[in-house]
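> Spelled out from the first residue to the last, the chains are:
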Amino acid sequence: MVVKKICMMGAFAVGKTSLVRRFVHSIFSDTYQTTIGVMISKKTLAVDSVDYQLVIWDLEGRDEFTDVRSNYLRGAAGVFFVVDVTRPHTLTVARQLRYEVQKHVGDIPALILLNKSDLADQWRLDGDVLQQLEAEGCTLIRTSAKSGDQVDASFIALVRAMQNASAE
Amino acid sequence: MSLFAKLFSDMGLLAVECRPGNRFVPLNDIPAWFHQLCSDAYPGEPLDLPALFPFIEHFLQDAEAFWQQPAGARLGSGVWTELDGQGKQHQLEAYALLYQQIRILLLVDLTQTFDARHQVYQRAREIALAQEKLVAALQREQRKLQLKLQEMLTRNAPLSNIAERIQHHASAVMVCKPDGSVELLNQALMDIYPVAAAGDASGPSVLNQWVREAETLYPEIHRVIDTGAWWEGEFESTLPDGTHKWVRLMIGPVLDEQQQVSHLVCVANDISGLREPSVELERVTDYDLTTQLPNRRHFWRVLTREIDACRASGDKLALLYLDVDNFKRINDNFDHQAGDQLLTTLSSRLARNVKKTDFIAHLGGDEFAVVLRTDRRQLDVNAVAERLLGVVRQPLTVDSQTLHVTASLGVACFPDHAADAAALMKHADLAMYHAKQMGRNHYQLFTRDLDDAFLHRVIVQKDLGNAITHQELRLVYQPQICIGDDAFLRLEALLRWQHPERGLISPGVFIPVAEESDLINQLGRWVLEQACTQARAFLDRKVPVVMAVNVSARQIRASDFVAHVLMVLEQTGLPPAQLELEITETALLEDRETYSQALRQLREIGVSIALDDFGSGFSSLNYLKNLPVDRLKIDQVFIQEIPHNEESKAITATIVKLAHELRMKVVAEGVETWEQLRFLREIGCDYAQGFLLFKPLPADEIDAIYRNLSSLRFEP
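Those protein sequences? They're chains A and B, same order as listed. In this text, residue positions in the first sequence follow my numbering: the first is 2, and each later residue adds one. In this text, residue positions in the second sequence follow my numbering: the first is 849, and each later residue adds one.
Quick caveat, the hints were computed from the structure, so don't treat them as lab data. Careful, some of the hints might be misleading.
As the list claims (entries may be wrong) - In the DSBU-like style, the derived pairs of lysine-lysine whose C-alpha atoms are separated by at most 35 Å in a straight line are:
hint, chain 1, residue 1, chain 2, residue 2
1, A, K147, B, K1505
2, B, K1310, B, K854
3, B, K1505, B, K1543
4, B, K936, A, K6
5, B, K981, A, K6
Work the whole structure out from these sequences, hints included.
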């Protein structure tokens, strides 16, 4: 069993905890429950015949009340930057966090999850910014913790990115 | 560590020592919450904390660095959440400490207090989320309007049509040339900025002002506008009257056929209401969630503001600081919710009993504060204080039980007692503390004496803690001379403190301070050890003395008191018969059962017991025969009144007679005149002690007294 630490990061109320709950427990609740501090969950996942135990660190959302404790990132093998597609500001936060992660732990595998993608009619993200991120080599995945769409696939994609990074 | 272990257990913490090889050994009983998370934890057995909690495994790296080189008193891990076997969330926090080179991890379960904190963050973020959505909606509206105006300008629509469209729009709109000269503007803009009518370039350029104000946050704004790109942002703008507003501005270029910027369309909105803390956000950050009263943060703001107002107007203000008596005991006997219920009831009663113009706050825990505003009228603070204590005293029901709660209250006034909010609060707190000292359920007005006395006590308490290690303490010995049939030399060991700056400090000053804390145990142990060592040294020099050592009630209450006395006797080799312990009559009466048991154990091995200050503490002598006592020391207040006070003479004579009938010896202390000594001899008192005979002396002067004891004549 290969143990890997993954961090969920992003602005507050983008759905980080919902994504973890969907992935780990296959449940979803519409009620927003803010996270304080860190919540750690574990899930085993087989990717390409390798068993992984993912230790998922769901970090409190970034806002004016909270800053990210950089030491929480130590030992992380991969990161999800979660964005709420209905709130453009959350993409800015994700970009800031991406920069901070690079500064503290270097270039580790990271995916940007465009969450709440089921709310297509409220999509407010700037297409140019997304294109720019893709041009910079970021992988963007549209997810919905509510429907479960692309949630498991995102974790698998991150594990593969971690596999590739290890291979390099 | 045993004292700490108990403290940790009482506080519901788990302390573990981190030993080499990552072995985590619990230092106290494992609390119930930990068992819920880990059912196979056993007292004294190492815990595999890193395996149990990945968070701790991670934190240990930081803790290791802290233990190697501590920066500060402790290192906190931050909050993390664990699920127990029942699926219940526990919010935990770990602290790394270094105590006497022992590497300690403290684990704290914050779950009980977490709800309140969670509620605050939850509401604050919900409000922030709602505000963010409002700003997003505003942004959409701005863009829609701007696109429409751009489109009209691009197709050269008449300016009058555009003016008509924007004139009554809620957003401030301005269409200008790239140089800032205004082509069109609407009323909403003129309501905010002193712009002249369109076409008039004499006034200040609003565009320039915006760019200047925005560039501190958006340094790129010049480049963006100059290159004909679209820009939007939020910044603080200064209005002509000097006030500030938060503005959300969008600037869109209109390009001509040559792709040159022909116009700039600016749409602005005042978003100050969304930027400043909302009423609801204030509600969750400024009010106590349990009692719904203003909280400490809110209180400080109001107190500071009120003091400023009083300073300007010359009015007076009173601060009443109220603390519920024994709240911790109530909280411990009931559950957390019951404590909250009690606080809520008290809050409601207190709030109902102050005027609407007064301000009441719940400062946290069991503390409340009331700010009384006077409006120049004579303020009857006493009446308010009595009323508030009265409403607290009224019985209240918690968990179907009737409780009788009291409070202590301190009052300080501005400007009479303090010149600022912090000093006023400190003085009100000091007065409250004094009210507690007076026996609780009282109120106390601040006086300067309180401040001086308290300051002195604080200094004494602080320095006394170091007095032993700094070798500032010493013992002197006052002989008790036989005036009856015995022929022993008895000495009372007396403690002296030579303060390096304050000189000799009287035991009457520092012993009461020590008795309020655990320092008295530390001092008492030191005195016993020194006195026994000295008595043994006398014995070795063929000077057999009985050494009398004072012990406090608090010392005897310590669970290891008897064991410590036995240990000292063993270590010094002093025969138990050479040691006498003196305890005051009032202390012994405090808890006769417990103390008697300890003293009996010591008497059984030969240590004698003296009852100090005897005669003033009770009215009946009946119980005396049951006390484990060998000697009575008559309270010196009786001796000092001899020979003039017949009652004191009668009491003294009675005590001596009674003691002899009970086969006890009697010591008279405070003997200062020949008349007193003569009287004591006449009534058959056994020993006398006092300045008439010998003042307290250093040890090296005792030998000579012993050698000459038989030749000494205590006569005028």
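> Give a verdict on every hint.
A quick look at each hint next to the structure:
| no. | hint | result |
| --- | --- | --- |
| 1 | A:K147 to B:K1505 | violated, 93 Å |
| 2 | B:K1310 to B:K854 | holds, 24 Å |
| 3 | B:K1505 to B:K1543 | holds, 27 Å |
| 4 | B:K936 to A:K6 | holds, 24 Å |
| 5 | B:K981 to A:K6 | holds, 33 Å |
In summary, the one numbered hint that this structure violates is 1.
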